[in-house]
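Peer 1: The lines below spell out each chain.
Number of protein chains: 2
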Amino acid sequence: MNFEMITAAANRIKGHARITPMLTSPFLDDIAGRQVLIKAECLQHTGSFKFRGAWSAVSALTDNTLKTGVIAYSSGNHAQGVAMAAAKHGAPAVIIMPADAPRMKIDNTRALGAEVILYDRENEDRDALGTQIASERGLTLIRPYDEPQVVAGQGTTGLEIATQAAELGVTKADVMVCCGGGGLTSGIALALAETAPNMRVRPAEPQGFDDVTRSLVSGQIERNAMMGGSICDAIVTPQPGDLTFPILKDHCGPGVVVTDDECLRAMAHAFARLKIVVEPGGAAALAAALFHPDQFDGDAVIAVITGGNVDPAQFARALETL
Amino acid sequence: MNFEMITAAANRIKGHARITPMLTSPFLDDIAGRQVLIKAECLQHTGSFKFRGAWSAVSALTDNTLKTGVIAYSSGNHAQGVAMAAAKHGAPAVIIMPADAPRMKIDNTRALGAEVILYDRENEDRDALGTQIASERGLTLIRPYDEPQVVAGQGTTGLEIATQAAELGVTKADVMVCCGGGGLTSGIALALAETAPNMRVRPAEPQGFDDVTRSLVSGQIERNAMMGGSICDAIVTPQPGDLTFPILKDHCGPGVVVTDDECLRAMAHAFARLKIVVEPGGAAALAAALFHPDQFDGDAVIAVITGGNVDPAQFARALETL
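Just so you know, the sequences run in chain order S and P.
Residue numbering for the first sequence follows the working numbering, beginning at 1 and increasing consecutively.
Residue numbering for the second sequence follows the working numbering, beginning at 1 and increasing consecutively.
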């Protein structure tokens, strides 16, 4: 896993993934007490950054492998990313999703042409299930973060952040990333280490699911006690990845832990000030920037909004916090 | 009013206005029965395209004129655009707004540093009021559409549409624009006439406020019977402008009239599929593309989303249509 894999992924992705905008608002700067730049990956195809890693991984497969098909497990965003990337490559896709995933994510994954298999998030091991079905059907498993080509694809977000921040005059900042298994966070960290060395990447996580934050403190992989109970479904993962954690350990600053309520409020501010739709787990980084100013000391913070796949009822609940 | 004024405005705006993204979704293509490209001007500074025209007009003023200050009347989007453009130029701004404008638009205009004066939309003439206060206080009046530098600024949207559509392989399409007084519609029409001659600009208007559509049919300026009663506040204007109508007449195809309910449903689809926040009047063009397929005959339609300044309660109402 290295920087060259990210630039190679950027070449494969070019013209397929969207270059998402970097947004700003004087109203958000006022709340945070410093300049806030928002990388709006909710505007990526399929509504999350996951399309980047999925395209990177699928486009790296041979024609024969594509013909047989791919399989992925995902709470919903990697699911949609892989489903669309596979469909555009003419490859069949099977996606294993938790039965309690947001309705919209399950429906979209099916509508993008994938076969969806539901599992029980609390009692079944999705990796074991994925490995088993992959082997039975001869499919290629594309893991959501412990897969080098996926991390390389997510890292292309970092290349854009470096360029877009520099255009806005920002070359030194903490870069908050909503963090589940660490695929995006490690990819951005690798990209920025080369292209914007004065940026420091830091994970944002929901209370009770702060495995990466605690792992960075202890220096070894820590697990979460629970696997459900947060509205931030997109970034609830059991522990940092075996591939991603060494990268996070080498490159990242301390994590910031946010509450579900802070995520809802961040969603509402993104609605009012940026005109973007953000899902709870995609709002953690912005929540950290807006509501934990004491955890930062620089003049600028960059918050990566990771996804926007939220059910209308959940979104309406966020708007009620305004 | 000519194309060179638009390229000159583009030079003054560069680095100040945002290049907004052109979005797509296979789900929206399915509904419309053809390819739909969405120019997301709700992601512009202050949440609408109006910032372009405001910056263009304010940046064309002399230092002495700026020092005295500017005045504008607006249902809310031109208000915020002028307020922010004036503030960034260090110029005082007075904005005349209807007392029934969305709360968020009034609050934001004040928060951006402008003095807000409220008037009665049904019974007062905002142009007379603006002219009077401008003369009393020595302020420069920046009209929302009957002002060449404003039209030139809005026309920069057209330059971006030509480039971005071509990148997506689209050079021939109907371009639906949410239309009030016609500033944006005429600016885009002038820009595309030079840069993408196979594009045809057409206005989208709310039922009961289809003055431009009727004017294009009769060949002369027609007025609306009412001045209130649509949720599409941003594009409810009494009649096409004296400056804009001759341009519209020369360049535009027939208008498409949409209902308030169709606008709410288009807002909901933009939420679900594009992850953007759209106000009712900003959704008229997308509503036309999605729900009036019989009014188009080409393979592609471009819908310009003009603004996203919507109160949370109104937005929640739109989500209920999903």
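Mixed in with the good hints there might be a few duds.
Note that identical chains are pooled: a pair holds if it fits in a single copy or bridges any two copies.
Derived lysine to any residue pairs resembling SDA-like cross-links, with alpha carbons at most 25 angstroms apart [what the hints assert, rightly or not]:
(1) Lys14 / Leu168
(2) Lys14 / Pro293
(3) Lys67 / Ala268
(4) Lys172 / Ile19
(5) Lys172 / Ala316
(6) Lys249 / Leu129
(7) Lys88 / Val116
(8) Lys172 / Ile133
(9) Lys88 / Asp30
(10) Lys88 / Phe296
(11) Lys88 / Gln164
(12) Lys14 / Ala162
(13) Lys88 / Pro197
(14) Lys14 / Gln164
(15) Lys172 / Glu194
(16) Lys172 / Asp125
(17) Lys88 / Pro26
(18) Lys67 / His292
(19) Lys172 / Met227
(20) Lys88 / Thr171
(21) Lys67 / Ala225
(22) Lys14 / Phe27
(23) Lys14 / Leu322
The set of hints was computed from the structure by calculation and includes no laboratory data.
Everything numeric in this text was worked out from a predicted model, so none of it was measured.
Peer 1: Decide, hint by hint, whether the structure agrees.
Peer 2: Hint-by-hint comparison with the structure:
{"no.": "1", "hint": "Lys14 / Leu168", "result": "both (23 angstroms within a copy, 12 angstroms between copies)"}
{"no.": "2", "hint": "Lys14 / Pro293", "result": "neither (36 angstroms within a copy, 32 angstroms between copies)"}
{"no.": "3", "hint": "Lys67 / Ala268", "result": "neither (43 angstroms within a copy, 36 angstroms between copies)"}
{"no.": "4", "hint": "Lys172 / Ile19", "result": "both (21 angstroms within a copy, 23 angstroms between copies)"}
{"no.": "5", "hint": "Lys172 / Ala316", "result": "neither (36 angstroms within a copy, 38 angstroms between copies)"}
{"no.": "6", "hint": "Lys249 / Leu129", "result": "neither (29 angstroms within a copy, 63 angstroms between copies)"}
{"no.": "7", "hint": "Lys88 / Val116", "result": "within (18 angstroms within a copy, 51 angstroms between copies)"}
{"no.": "8", "hint": "Lys172 / Ile133", "result": "neither (46 angstroms within a copy, 46 angstroms between copies)"}
{"no.": "9", "hint": "Lys88 / Asp30", "result": "between (43 angstroms within a copy, 16 angstroms between copies)"}
{"no.": "10", "hint": "Lys88 / Phe296", "result": "neither (42 angstroms within a copy, 27 angstroms between copies)"}
{"no.": "11", "hint": "Lys88 / Gln164", "result": "between (28 angstroms within a copy, 21 angstroms between copies)"}
{"no.": "12", "hint": "Lys14 / Ala162", "result": "both (17 angstroms within a copy, 20 angstroms between copies)"}
{"no.": "13", "hint": "Lys88 / Pro197", "result": "neither (35 angstroms within a copy, 31 angstroms between copies)"}
{"no.": "14", "hint": "Lys14 / Gln164", "result": "both (16 angstroms within a copy, 14 angstroms between copies)"}
{"no.": "15", "hint": "Lys172 / Glu194", "result": "within (13 angstroms within a copy, 41 angstroms between copies)"}
{"no.": "16", "hint": "Lys172 / Asp125", "result": "neither (41 angstroms within a copy, 51 angstroms between copies)"}
{"no.": "17", "hint": "Lys88 / Pro26", "result": "between (39 angstroms within a copy, 11 angstroms between copies)"}
{"no.": "18", "hint": "Lys67 / His292", "result": "neither (48 angstroms within a copy, 39 angstroms between copies)"}
{"no.": "19", "hint": "Lys172 / Met227", "result": "neither (35 angstroms within a copy, 50 angstroms between copies)"}
{"no.": "20", "hint": "Lys88 / Thr171", "result": "between (36 angstroms within a copy, 23 angstroms between copies)"}
{"no.": "21", "hint": "Lys67 / Ala225", "result": "neither (40 angstroms within a copy, 62 angstroms between copies)"}
{"no.": "22", "hint": "Lys14 / Phe27", "result": "between (33 angstroms within a copy, 22 angstroms between copies)"}
{"no.": "23", "hint": "Lys14 / Leu322", "result": "neither (38 angstroms within a copy, 33 angstroms between copies)"}
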